[in-house]
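Be aware that the sequence shown starts at 36, since it is given in our numbering, and climbs by one per residue.
Check before you lean on any hint, since a few could be wrong.
[Claimed, not checked] Straight line, CA to CA, 27 angstroms or less: simulated DSSO-like cross-link-like pairs of lysine-lysine:
# : residue 1 : residue 2
1 : 67        : 40
2 : 70        : 95
3 : 94        : 70
[Claimed, not checked] Derived CB-CB ranges, DEER-like:
#  : residue 1 : residue 2 : range
4  : 94        : 54        : 38 to 48 angstroms
5  : 99        : 73        : 22 to 32 angstroms
6  : 46        : 75        : 39 to 49 angstroms
7  : 59        : 104       : 48 to 58 angstroms
8  : 57        : 104       : 28 to 38 angstroms
9  : 56        : 89        : 43 to 53 angstroms
10 : 56        : 86        : 35 to 45 angstroms
11 : 38        : 95        : 37 to 47 angstroms
12 : 74        : 39        : 16 to 26 angstroms
13 : 75        : 50        : 52 to 62 angstroms
Read the hints as simulated data drawn from the structure, not as lab findings. None of the values given here were measured: they were computed from a predicted structure. Glycine is no exception: its CB is placed at the ideal position from the N, C-alpha and C atoms.
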Amino acid sequence: MGVPKQRHTKSRRDKRRMHLYLEEPTLAVCKKCGKPVLPHTACQNCGYYKGAEVIDVMKKLTKKEQKQKAKEMQERGEAGGGGKGQISLEELSKK
């Protein structure tokens, strides 16, 4: 059995371990809710993937959490998409 004849120094040990480290995962942004998600996976917050609802997030929550989540999603929908989808009469006359 091979036994080392001399002790290896700390620098030699550290040179060997130089490539052993953790990398931060690459994250994408959910198009629906804006939360960071892993690429090519459904968002755990809103349940959407590529613009379609894949997971029913509300189904897994309790009644109290469902109310809170519905309120939060409604506020986000009004604040984010209110100006883009609906056009008022004044805006139509300007075009």
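Here is how each hint holds up against the structure:
| no. | hint | result |
| --- | --- | --- |
| 1 | 67 to 40 | violated (62 angstroms) |
| 2 | 70 to 95 | holds (19 angstroms) |
| 3 | 94 to 70 | holds (20 angstroms) |
| 4 | 94 to 54: 38 to 48 angstroms | holds (44 angstroms) |
| 5 | 99 to 73: 22 to 32 angstroms | holds (29 angstroms) |
| 6 | 46 to 75: 39 to 49 angstroms | holds (41 angstroms) |
| 7 | 59 to 104: 48 to 58 angstroms | violated (29 angstroms) |
| 8 | 57 to 104: 28 to 38 angstroms | holds (32 angstroms) |
| 9 | 56 to 89: 43 to 53 angstroms | violated (34 angstroms) |
| 10 | 56 to 86: 35 to 45 angstroms | holds (36 angstroms) |
| 11 | 38 to 95: 37 to 47 angstroms | violated (57 angstroms) |
| 12 | 74 to 39: 16 to 26 angstroms | violated (45 angstroms) |
| 13 | 75 to 50: 52 to 62 angstroms | violated (36 angstroms) |
Figure legend: structure checked against the earlier numbered hints; hints not met, in rising order: 1, 7, 9, 11, 12 and 13.
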